[in-house]
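Engineer: Using the sequences plus the hints, can you model the full thing?
2 protein chains.
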Amino acid sequence: MKQTKLYKEYSDTLRKYADVEHSIAVLSWDKEVNMPPDGNAFRTQQIATLSGIAHEIATSERFGDVLEELHGNDKELDKEALKNVQLSHNDYQRGKKLSHEFVVRRSTVCSNAYHQWLKAREANDFNLFKDTLEEVVKIKREEAELVGYEGHPYDALLDEYEANYTAAMLDTLFTDVKAKLVDFVREIRGQEQVNDAFLLKHFPKQAQWDYSVDILKKIGYNFKAGRQDWSPHPFTTTFSPQDVRVTTRVSENDFNSLLWSSIHEGGHALYEQGLPAEKYGLPSSRYTSLGIHESQSRLWENNVGRSLPFWKAQYSNLQQHFPTQFGNVPVEQFYKGINKVQSSFIRTESDELHYHFHILIRYELEKALLEDNLQVADLEDAWNEKYKAYLDIDVPSANQGILQDVHWAYGSIGYFPTYSLGSFYAAQFYHQATKDIDGLEAQIQAGDSSKLLTWLQQNIHQYGRTYSALELCERTTAEALNFDYFYKYAVEKYSGIYGL
Amino acid sequence: MKQTKLYKEYSDTLRKYADVEHSIAVLSWDKEVNMPPDGNAFRTQQIATLSGIAHEIATSERFGDVLEELHGNDKELDKEALKNVQLSHNDYQRGKKLSHEFVVRRSTVCSNAYHQWLKAREANDFNLFKDTLEEVVKIKREEAELVGYEGHPYDALLDEYEANYTAAMLDTLFTDVKAKLVDFVREIRGQEQVNDAFLLKHFPKQAQWDYSVDILKKIGYNFKAGRQDWSPHPFTTTFSPQDVRVTTRVSENDFNSLLWSSIHEGGHALYEQGLPAEKYGLPSSRYTSLGIHESQSRLWENNVGRSLPFWKAQYSNLQQHFPTQFGNVPVEQFYKGINKVQSSFIRTESDELHYHFHILIRYELEKALLEDNLQVADLEDAWNEKYKAYLDIDVPSANQGILQDVHWAYGSIGYFPTYSLGSFYAAQFYHQATKDIDGLEAQIQAGDSSKLLTWLQQNIHQYGRTYSALELCERTTAEALNFDYFYKYAVEKYSGIYGL
Chain H
9 MKQTKLYKEY SDTLRKYADV EHSIAVLSWD KEVNMPPDGN AFRTQQIATL SGIAHEIATS
69 ERFGDVLEEL HGNDKELDKE ALKNVQLSHN DYQRGKKLSH EFVVRRSTVC SNAYHQWLKA
129 REANDFNLFK DTLEEVVKIK REEAELVGYE GHPYDALLDE YEANYTAAML DTLFTDVKAK
189 LVDFVREIRG QEQVNDAFLL KHFPKQAQWD YSVDILKKIG YNFKAGRQDW SPHPFTTTFS
249 PQDVRVTTRV SENDFNSLLW SSIHEGGHAL YEQGLPAEKY GLPSSRYTSL GIHESQSRLW
309 ENNVGRSLPF WKAQYSNLQQ HFPTQFGNVP VEQFYKGINK VQSSFIRTES DELHYHFHIL
369 IRYELEKALL EDNLQVADLE DAWNEKYKAY LDIDVPSANQ GILQDVHWAY GSIGYFPTYS
429 LGSFYAAQFY HQATKDIDGL EAQIQAGDSS KLLTWLQQNI HQYGRTYSAL ELCERTTAEA
489 LNFDYFYKYA VEKYSGIYGL
Chain P
9 MKQTKLYKEY SDTLRKYADV EHSIAVLSWD KEVNMPPDGN AFRTQQIATL SGIAHEIATS
69 ERFGDVLEEL HGNDKELDKE ALKNVQLSHN DYQRGKKLSH EFVVRRSTVC SNAYHQWLKA
129 REANDFNLFK DTLEEVVKIK REEAELVGYE GHPYDALLDE YEANYTAAML DTLFTDVKAK
189 LVDFVREIRG QEQVNDAFLL KHFPKQAQWD YSVDILKKIG YNFKAGRQDW SPHPFTTTFS
249 PQDVRVTTRV SENDFNSLLW SSIHEGGHAL YEQGLPAEKY GLPSSRYTSL GIHESQSRLW
309 ENNVGRSLPF WKAQYSNLQQ HFPTQFGNVP VEQFYKGINK VQSSFIRTES DELHYHFHIL
369 IRYELEKALL EDNLQVADLE DAWNEKYKAY LDIDVPSANQ GILQDVHWAY GSIGYFPTYS
429 LGSFYAAQFY HQATKDIDGL EAQIQAGDSS KLLTWLQQNI HQYGRTYSAL ELCERTTAEA
489 LNFDYFYKYA VEKYSGIYGL
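Going down the list, the protein sequences come from chains H and P.
Start counting the first sequence at 9; every next residue gets the next number (this note's numbering).
Start counting the second sequence at 9; every next residue gets the next number (this note's numbering).
The set of hints was computed from the structure by calculation and includes no laboratory data.
Treat the hints loosely; a few may be bogus.
Identical copies go unnamed one by one, so any copy, or any two together, can satisfy a pair.
Said to hold, decoys possible - The calculated BS3-like cross-link candidates involving lysine-lysine, where the alpha carbons are at most 25 angstroms apart (straight line), are:
1. Lys-232 / Lys-39
2. Lys-287 / Lys-39
3. Lys-127 / Lys-232
Structural biologist: Pasting the structure below:
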């Protein structure tokens with residue numbers, strides 16, 4: 009009885025926390041999508057106030073007491089409830105390791121770093137960012153010590169984004185990437201390049217918008233529980249599992265921009281729409297890790313959206329939307345064009361193979377910074393050397409190199425690897441789905457991806473945080489994350505495209 | 009020193025309260041303007057959670073203690089600060105008179121009433137609404153007793169919308185309305201009707217939108233600190249003085265719908281954009297009363313927007329936007345058409361003269377209900393009798409009569425008169441403005457209303473609640489609210505239009 013009552017208090021507190029957190033999401037979404045320019049100062053203040061209130065709720069002593077009482081006490085609670093309590097208890101303990109003073113200091117450091125990064129971008133000069141980045145690295149090292157770790161300080165930071173994953177595990181993965189992918193991609197670069205000129209014709213904005221709505225519906229995105237808007241940097245945001253919004257962007261001279269933004273964010277949104285609404289606020293209704301989140305966007309974007317069967321079904325509709333652009337382009341040529349592999353400077357514009365070198369470079373640099381084996385003063389040189397080594401290119405400027413990402417300025421060190429994890433999980437999940445679903449490829453080629461979505465909902469979405477990324481992977485594919493699934497997918501697909 | 013420190017705590021609390029309140033406004037705006045249908049349940053919950061948090065902030069014991077310490081203690085604080093404290097002290101005391109139990113009960117009663125009102129609307133049958141409206145009247149009587157009053161229970165309810173105004177003062181005003189306006193309007197109805205068929209042609213949605221943006225800019229609405237969107241029921245909402253948004257609606261077969269919605273809401277928004285941003289959260293940066301708020305919307309809508317000088321300046325642009333609709337209509341004919349006086353059932357579609365009979369009727373009924381001189385069971389008959397008496401029309405159905413407004417279902421009894429006060433204040437302010445600003449009419453006829461806006465900012469907007477409606481009126485026009493300004497404006501304008 010007492011446990012049940014306490015569990016109710018626990019759930020109510022988390023629901024209240026979620027309400028405030030999702031309100032912040034509404035204010036932030038509006039800021040990106042709608043807000044008039046003068047609204048910025050007060051909006052920033054309002055978000056900060058709500059963040060403070062959310063923090064108070066999540067860190068209140070009473071909530072700590074409730075968690076302490078419930079934690080490990082399995083007299084009345086079922087397995088899922090106990091798991092929720094355990095996760096919240098961990099979150100609370102982790103949160104308590106960082107004092108209020110530290111959190112405020114970190115926020116100030118990162119806020120300064122962000123503004124300094126903007127200035128550095130404007131001047132295209134890393135020197136303007138150096139000192140504040142140094143501060144960021146310092147405070148993230150401090151954070152790692154406060155949080156604690158067994159192996160590498162990186163583990164403490166990574167854990168926030170990808171619970172239970174470690175630098176040692178990433179090292180194993182990226183050793184594979186280096187051993188296998190670098191040579192394979194180099195081989196591709198030696199082949200004749202595919203033609204993608206038809207993707208760079210003129211595509212009117214409204215026509216692109218209409219098509220993006222079509223394609224979102226096609227993959228199963230529920231517009232009754234979401235909407236799409238424009239924003240310069242596409243993102244997915246969740247106000248509840250029944251209001252999950254995506255944004256997309258457009259370039260009238262490059263169809264890639266909108267197409268992959270919409271499908272990618274759509275994949276994220278399908279995960280959020282698939283979380284159990286009736287458990288709103290509880291860990292069991294929240295995404296389990298950034299890597300798993302990214303696996304959902306990448307699976308739809310790459311494994312489905314950049315596959316030939318998918319376009320065999322979708323292509324005639326695409327041609328109807330854009331007759332002058334695609335009318336004379338055979339679907340096989342389109343398929344090759346959207347899978348063009350080309351070494352380039354910018355991570356977010358990269359193809360799905362080179363992408364992992366961008367991540368690998370950031371991971372190696374982050375680790376070295378945390379180990380104090382690399383100084384921020386030497387970071388740009390180190391960056392450029394690695395781009396030469398892994399991508400065979402000379403970085404022409406800071407903006408096209410070391411200054412391209414905002415993540416470090418935000419203090420997000422340990423975040424980048426989750427992007428690669430996403431692709432690797434996606435390949436492994438998709439491989440499993442083709443085994444579990446009879447004739448999946450034929451279904452997709454017939455324009456029906458609904459069984460795939462159901463499979464993802466049943467194996468991944470419905471559990472929220474009930475299973476960690478590692479557990480989900482084991483349960484769903486009967487083995488730990490294994491780079492070979494991605495590698496085999498890559499070799500098979502791109503050997504075909506590039507005639508290797 | 010101590011007072012200064014306490015005043016800082018007071019200001020910080022109000023800023024936090026304002027942040028939460030404006031966050032609620034963002035969530036509510038999004039709900040009306042953007043939200044996908046399935047989002048409703050969680051959004052309602054999120055708004056309720058934030059409302060609870062706002063309530064906690066505004067009613068905390070500590071805040072009460074701070075107010076008590078500051079109140080009437082003028083050792084360190086300047087006049088404006090003391091006024092802020094006095095107003096907040098009043099608010100706090102008023103709030104304390106209503107127990108938490110009462111507030112929850114009232115919210116339940118009104119929530120039920122609203123749903124019952126929707127059902128009654130659907131069935132076009134007042135009987136379905138009777139019982140819950142009875143409950144609303146009962147709880148509002150209880151509220152009046154809890155809040156307390158000197159003269160009439162109506163005063164206690166009116167005070168929330170129009171501080172310091174009383175039923176006795178309204179009686180004086182509405183006696184004038186009855187004595188002067190009823191006969192004058194009856195006289196108009198005896199004249200030949202003006203032609204407004206050109207307003208009922210086909211007006212494409214996008215062209216109307218473009219024009220509404222033009223006209224908002226023209227009256228001085230700042231799009232850098234706001235934006236316009238579509239919504240079924242137009243409204244103005246404030247997230248800060250630097251983000252004040254309006255919505256408008258459209259009928260493709262009636263140009264009136266968009267035109268007056270945009271100008272009316274634009275007038276509200278000019279007031280909010282004119283409140284002092286640097287005093288964010290304090291009473292001195294909030295609108296002083298609903299009557300004054302409405303005076304700003306009505307002044308722009310009617311005194312400016314339905315005047316001949318205004319259209320002499322704007323008409324060629326309007327004709328360019330709608331050449332087929334207005335190309336052959338002289339401006340004088342347009343002016344008469346937009347000022348058509350016609351008895352009708354629906355308040356929100358009324359002309360600016362009949363409008364006050366709609367309000368008068370509601371006021372008389374509300375008062376009688378509170379006095380227990382009228383039973384809800386007899387309300388529909390009483391309503392219909394008054395429409396016959398004041399507007400010479402037979403109400404054909406509940407939806408076109410007693411069920412047309414949502415206000416009573418929301419528990420907003422004592423609210424309606426602020427609409428008439430708005431028009432009367434507007435006439436008095438505008439009359440004063442023409443005296444204070446040399447050649448105002450000529451300026452407006454030359455397309456320049458900027459001096460009028462500055463006059464409103466300097467005399468009204470900048471003060472927030474520092475002066476009450478009554479004080480503002482006295483300060484600005486050197487007399488109390490006087491119906492004769494509206495009456496003279498009406499007689500002069502409509503005698504011209506209808507050849508009396």
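Engineer: For every hint, state whether the structure bears it out.
Structural biologist: Evaluated hints:
{"no.": "1", "hint": "Lys-232 / Lys-39", "result": "both (22 angstroms within a copy, 13 angstroms between copies)"}
{"no.": "2", "hint": "Lys-287 / Lys-39", "result": "between (28 angstroms within a copy, 22 angstroms between copies)"}
{"no.": "3", "hint": "Lys-127 / Lys-232", "result": "between (41 angstroms within a copy, 24 angstroms between copies)"}
Comparing the model with each numbered hint stated earlier shows that all of them hold.
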